[in-house]
Amino acid sequence: NAGVTQTPKFRVLKTGQSMTLLCAQDMNHEYMYWYRQDPGMGLRLIHYSVGEGTTAKGEVPDGYNVSRLKKQNFLLGLESAAPSQTSVYFCASSYAGLAGYTGKYFGPGTRLLVL
Amino acid sequence: AQTVTQSQPEMSVQEAETVTLSCTYDTSESDYYLFWYKQPPSRQMILVIRQEAYKQQNATENRFSVNFQKAAKSFSLKISDSQLGDAAMYFCAYRSSGNQFYFGTGTSLTVIP
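So the protein lines, in turn, are chains A and B. Take 3 as the starting number for the first sequence in the numbering used here and just add one per residue. Take 134 as the starting number for the second sequence in the numbering used here and just add one per residue.
Please keep in mind that the hints were generated in silico from the structure rather than gathered at the bench. Treat the hints with caution; some may be incorrect.
Selected chain A positions facing chain B (in silico; Cβ < 7 angstroms) [claimed, not checked]: (1) Gly44; (2) Gly105; (3) Phe108; (4) Pro110; (5) Gly111.
Just so it is clear, CB atoms sit at the ideal spot from N, CA and C, and this is done for glycine as well.
Generate coordinates for the entire structure from the input sequences, incorporating the hints supplied.
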């Protein structure tokens, strides 16, 4: 079981460039999430998905798009990167049920620097 | 709306001593989950302990235990026999019955040798 994996681990972009972050989980979780973490602000939810083919906006969705074409994958896209998107990005997954809920499982993070 | 507050941005503890990290939350629900996550310098978020709101008994995981005060909406984490590897950022989190998840802003724990 690899759990939640993220690629790439680190990336440098120039303003205006685009990129896609890939998240994969092998736990058959229904729910997947993208967070960004900035100093002093904790974790903020960007987008999330409650199942294959569905996505929804979180707290800070502007400038990002997501897709969940397969249950195990959740992609985060930046169409035109801005310096304000410099951050550490975390993917997480969880199962949908309330009973016996075990919390979210997080990936190792992707550090993104936009120049 | 639910909020999670960690009022201690930084804490320090001597190795082998005990430290308590505070967390309070605001909710009108009766059924929910609470969590403590650890984020070491490697940045990987690791689940430390969880508590179901309907359970009166405080959760315990080895050296980690919680003091869950439902009426006071308080959920503190106690780390006993602190070790150097416990140094990390600790996040308190709340999960509602509707699967809404809220994180606190974190407490940075330093362990002094």
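Evaluated hints:
1. About 4 angstroms separates the beta-carbon of glycine 44 (chain A) from the nearest beta-carbon of chain B, less than 7 angstroms, and the hint is met.
2. Residue-level restraint check for glycine 105 (chain A) holds (minimum Cβ-Cβ distance to chain B is 5 angstroms; threshold 7 angstroms).
3. Against a cut-off of 7 angstroms between C-beta atoms, the interface hint on phenylalanine 108 (chain A) holds, since the closest Cβ of chain B lies about 4 angstroms away.
4. The interface hint given for proline 110 (chain A) holds, since its Cβ lies 5 angstroms from the closest Cβ of chain B, which is under the 7 angstroms cut-off.
5. Nearest Cβ of chain B to the Cβ of glycine 111 (chain A): about 4 angstroms, under the 7 angstroms cut. The hint holds.
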